[in-house]
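Chain by chain, the residues run as shown.
There are 2 protein chains.
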Amino acid sequence: MYTFEHCQDIINKELEEISLKDSPVNLYEPIRYILSIGGKRLRPSLTLMGCNVFSDIIDNAIYPALAIEIFHNFTLMHDDLMDKSEIRRSYPTVHKKWEENIAILSGDAMLVKSYEYISKCQEDILDKALSIFNQAAIRVCEGQQYDIDYEKTTDVSIPEYLNMIELKTASLIAGALKLGALAGQSMSYDTDLMYEFGRNIGIAFQLQDDLLDVYADPAVFGKSGGGDIVSNKKTFLLVSALNSKDKKIIPVLKKWIEKIDFNRDEKIKEITEIFNKLKLKELTEAKIDDFFKLGLKSLDKISIPDKRKIILRNLTKRLVGRKK
Amino acid sequence: MYTFEHCQDIINKELEEISLKDSPVNLYEPIRYILSIGGKRLRPSLTLMGCNVFSDIIDNAIYPALAIEIFHNFTLMHDDLMDKSEIRRSYPTVHKKWEENIAILSGDAMLVKSYEYISKCQEDILDKALSIFNQAAIRVCEGQQYDIDYEKTTDVSIPEYLNMIELKTASLIAGALKLGALAGQSMSYDTDLMYEFGRNIGIAFQLQDDLLDVYADPAVFGKSGGGDIVSNKKTFLLVSALNSKDKKIIPVLKKWIEKIDFNRDEKIKEITEIFNKLKLKELTEAKIDDFFKLGLKSLDKISIPDKRKIILRNLTKRLVGRKK
Chain A
0 MYTFEHCQDI
10 INKELEEISL
20 KDSPVNLYEP
30 IRYILSIGGK
40 RLRPSLTLMG
50 CNVFSDIIDN
60 AIYPALAIEI
70 FHNFTLMHDD
80 LMDKSEIRRS
90 YPTVHKKWEE
100 NIAILSGDAM
110 LVKSYEYISK
120 CQEDILDKAL
130 SIFNQAAIRV
140 CEGQQYDIDY
150 EKTTDVSIPE
160 YLNMIELKTA
170 SLIAGALKLG
180 ALAGQSMSYD
190 TDLMYEFGRN
200 IGIAFQLQDD
210 LLDVYADPAV
220 FGKSGGGDIV
230 SNKKTFLLVS
240 ALNSKDKKII
250 PVLKKWIEKI
260 DFNRDEKIKE
270 ITEIFNKLKL
280 KELTEAKIDD
290 FFKLGLKSLD
300 KISIPDKRKI
310 ILRNLTKRLV
320 GRKK
Chain B
0 MYTFEHCQDI
10 INKELEEISL
20 KDSPVNLYEP
30 IRYILSIGGK
40 RLRPSLTLMG
50 CNVFSDIIDN
60 AIYPALAIEI
70 FHNFTLMHDD
80 LMDKSEIRRS
90 YPTVHKKWEE
100 NIAILSGDAM
110 LVKSYEYISK
120 CQEDILDKAL
130 SIFNQAAIRV
140 CEGQQYDIDY
150 EKTTDVSIPE
160 YLNMIELKTA
170 SLIAGALKLG
180 ALAGQSMSYD
190 TDLMYEFGRN
200 IGIAFQLQDD
210 LLDVYADPAV
220 FGKSGGGDIV
230 SNKKTFLLVS
240 ALNSKDKKII
250 PVLKKWIEKI
260 DFNRDEKIKE
270 ITEIFNKLKL
280 KELTEAKIDD
290 FFKLGLKSLD
300 KISIPDKRKI
310 ILRNLTKRLV
320 GRKK
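Protein chains in written order, with numbering that gives the first Met the number 0: chain A, 0 to 323; chain B, 0 to 323.
Accuracy of the hints is not assured; some may be wrong.
No distinction is drawn between identical chains; accordingly, a pair holds when it is met within one copy or between any pair of copies.
SDA-like cross-link-like pairs, simulated, lysine to any residue; straight-line CA separation at most 25 Å [as the list claims (entries may be wrong)]:
#1 K127 with I147
#2 K244 with Q121
#3 K83 with K95
#4 K39 with I137
#5 K253 with T2
#6 K96 with I137
#7 K278 with L161
Don't read these hints as lab results, they were simulated from the structure.
The whole structure should be built from the sequences, with the hints applied where relevant.
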C-alpha cells in the first residue's frame with residue numbers, strides 16, 4: 000500500500016515533469032511558478048490513496064490526481080487575486096509577482112489544463128470522471144461565491160456556513176477521493192461511499208482549520224494565530240458566536256467587526272474571550288468529531304477488507320488532529 | 000439544409016432554456032445576463048452548420064454548439080475585465096454592472112459550464128470532442144496573452160500578428176466547425192479539412208474586422224470607425240504600417256501612439272492617411288482574399304457533394320464582405 004508521503008512524492012515528481020509550452024511566457028510561467036512553490040499535495044494524494052483502496056496499481060489515478068491538483072492551484076490563483084492576498088506559501092502571489100490580468104488569464108489556462116488532464120484518463124471511465132470533476136469544479140465556484148457574499152454580512156446561519164465550506168472545500172476533497180475510487184475500478188456503490196467519506200472529512204478539515212486559527216499552539220502550528228479574527232473571516236467560531244442566544248454578545252462582536260483602527264492583540268484577546276465564554280472550542284471540537292465519525296462510517300461501509308483502508312483512515316485522523 | 004438564421008434561432012432558443020441554478024445569485028445572474036444580451040451566435044451556428052454538411056440530423060451538435068457559445072461568452076466576460084471595457088453589445092459589461100471579482104468568478108463558472116456541455120456529447124465522440132475543445136480553449140488563452148503582450152510594444156512582426164489572431168480568434172471558429180463535423184460523423188480526414196477551413200476563414204474574418212474599423216461605410220457598418228486607431232489597437236493595418244520599409248513613417252506613427260492628449264478625429268485622419276499612402280486597404284483585402292481562398296480550398300476538398308456545402312460557403316462569403 001502507498002503511504003501519504005509516497006503519494007506526495009509521486010505527485011511532486013509528476014508535477015516537475017509536467018509538459019507546459021514555453022510561450023507565451025506570461026501565460027505559462029505563472030503556472031509553472033504556482034505549481035513549484037509547494038503545498039501539501041493533499042488532494043491529488045487522496046486521489047491516489049482512494050484508488051489504492053481498491054487497486055494495487057494506481058497508475059490510472061495519476062492523470063485525475065494531476066487534474067485535481069492543477070484545478071486546486073487555479074482556485075488559489077484566482078482566490079488570492081479576489082482576496083487581494085499578497086503571500087501564498089511564503090512566496091508572492093501571482094498577481095503581486097506579475098499583475099492582475101496575468102493572474103486572471105493564467106488561472107483560466109490552468110482551468111483548461113486541468114480539463115486536459117482529466118480528459119486523459121482511461122476511456123472506459125472518462126464519462127464518469129468528467130461528471131465527478133465538473134460537479135466538484137462548479138461546487139467550488141459556488142462555495143467561493145458564498146464565501147465572498149458572506150464577507151459582507153454578519154447575518155450568516157450555521158447551516159449556511161456549513162453548506163459554504165462543504166461547497167468550497169469539501170467538494171474538491173470528496174471529488175478527489177471519488178475520482179481515485181473510480182480509477183481503481185470500484186463498484187458504483189463504493190465510489191459514492193468514498194465521496195461521502197471525503198465530504199464529511201472535508202468539512203471536518205475546514206472546521207479544524209477554523210479552530211486552529213484561534214486555539215493552535217503556535218510552537219506546533221508554526222504561525223501565530225488569530226489571523227481569521229483580525230480579518231473578520233467567517234469561521235465556524237465567529238458564525239456560531241454571531242448566532243449566539245446571548246444577545247449581549249452580538250453588539251460587542253459587531254463593534255469589533257466594524258472597527259477600522261484597533262490593536263491587533265486586543266481584538267484577538269477580546270474575541271477569543273467571547274469564544275471561550277460561549278465554549279466554542281468544545282462546540283467546534285464536537286462538530287469536528289461528528290463529521291469525522293460520519294466520514295469514517297462511510298469509509299467502513301466500503302466493501303473492501305479493512306486493512307486496505309487503514310492508511311487512509313490514519314491520515315484522516317492525523318489531519319483532524321486526533322491522537323487516537 | 001439549415002440556414003445560418005435557422006441555426007441562430009435554434010441556439011437562441013436553447014440558450015433561453017438553459018438550466019442554471021438560482022443561487023448563489025451573484026454567480027449565476029451574470030451568466031444569465033451575458034448570455035441574454037445577444038450576439039450573433041456565429042460560432043455555435045457554425046457548429047450546427049458544420050454538422051449539417053455531413054448529416055441531416057444536427058441534434059448531436061447542439062451540446063457542442065452550446066459549449067462553444069458558453070466558452071466564447073466566458074472569454075468575453077474575462078477579456079472585458081482585462082481590457083477595462085465598459086460596454087458590450089450596448090449593455091454594461093459584467094464587471095461594471097456588478098464588480099470585478101464577480102466577473103472573475105462567474106467567468107470561471109462559465110468555463111466549467113462550457114465543459115459540462117461538451118461532456119454531454121455522445122459517448123462515442125466524447126474523447127475526440129474533448130480534445131478539440133481543449134485545444135481550442137488553450138489556444139484562445141494563448142492568443143489573448145499575446146494580444147495583451149503586443150499592446151505594450153510597437154515591435155510586432157506580421158507573422159506574429161497573424162499567429163496571434165489565429166490563436167485568439169480563428170482557433171475557436173475552427174474548433175466550432177470541427178466539433179460540428181465530428182458530431183455529424185464525418186471521416187477523420189474531412190474533420191481535419193473542416194478545421195483548416197475554419198482556421199483560414201477565421202483569420203480572414205479578423206482581418207476583415209481590422210479593415211472595417213478604418214474603411215467601413217458608417218451607414219452600413221452601424222458605428223463610426225477608427226476606434227482601433229484611437230486606442231492604438233494592434234490591427235493588421237497598424238502592424239503592417241509599423242513594419243513598413245518607409246522609415247519616415249515609423250516616427251510619425253509612434254508619435255501618435257504615445258500621445259496622451261489628442262484630437263480624436265485628427266488622429267484617425269492622419270493615421271488613415273498613412274494607411275492610404277501605404278496602400279494598406281488593398282494589402283489587407285488581398286490578405287483576406289488569400290485566407291478566404293485557402294479556406295474554401297479545404298472546404299472544397301471535403302468528400303461530400305458540393306450542394307451540402309453551399310450554405311456554409313455563402314455565409315463565409317457574406318462574412319468576409321464579398322459580393323460574389
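**Item:** Same-copy or cross-copy closeness of K253 to T2 [CA-CA at most 25 Å]
**Value:** This pair counts as neither: shortest intra-copy Cα distance 46 Å, inter-copy 61 Å.
**Request:** Using 25 Å as the alpha carbon limit, work out where K96 and I137 are close: within a copy, between copies, both or neither.
**Result:** For K96 and I137, the Cα distance is within 25 Å only across copies (23 Å; inside one copy 28 Å).
**Request:** Have a look at K39 and I137 and pick one of within, between, both or neither, based on CA distance no larger than 25 Å.
**Result:** Within one copy only: 23 Å inside, 27 Å across.
**Message:** One pair to classify: K127 and I147, alpha carbons no more than 25 Å apart. Within, between, both, or neither?
**Reply:** neither (31 Å within a copy, 37 Å between copies)
**Prompt:** How do K278 and L161 come out at 25 Å by Cα distance, when the copy is not named: within, between, both, or neither?
**Reply:** Result: close within a single copy only, 19 Å intra versus 65 Å inter.
**Item:** Identical-chain pair category, K244 with Q121, by Cα at 25 Å
**Value:** neither (53 Å within a copy, 55 Å between copies)
**Prompt:** Which holds for K83 with K95 at a C-alpha limit of 25 Å: within a copy, between copies, both or neither?
**Reply:** both (9 Å within a copy, 19 Å between copies)
Hint check: violations occur at hints 1, 2, 5; the rest are consistent with the structure.
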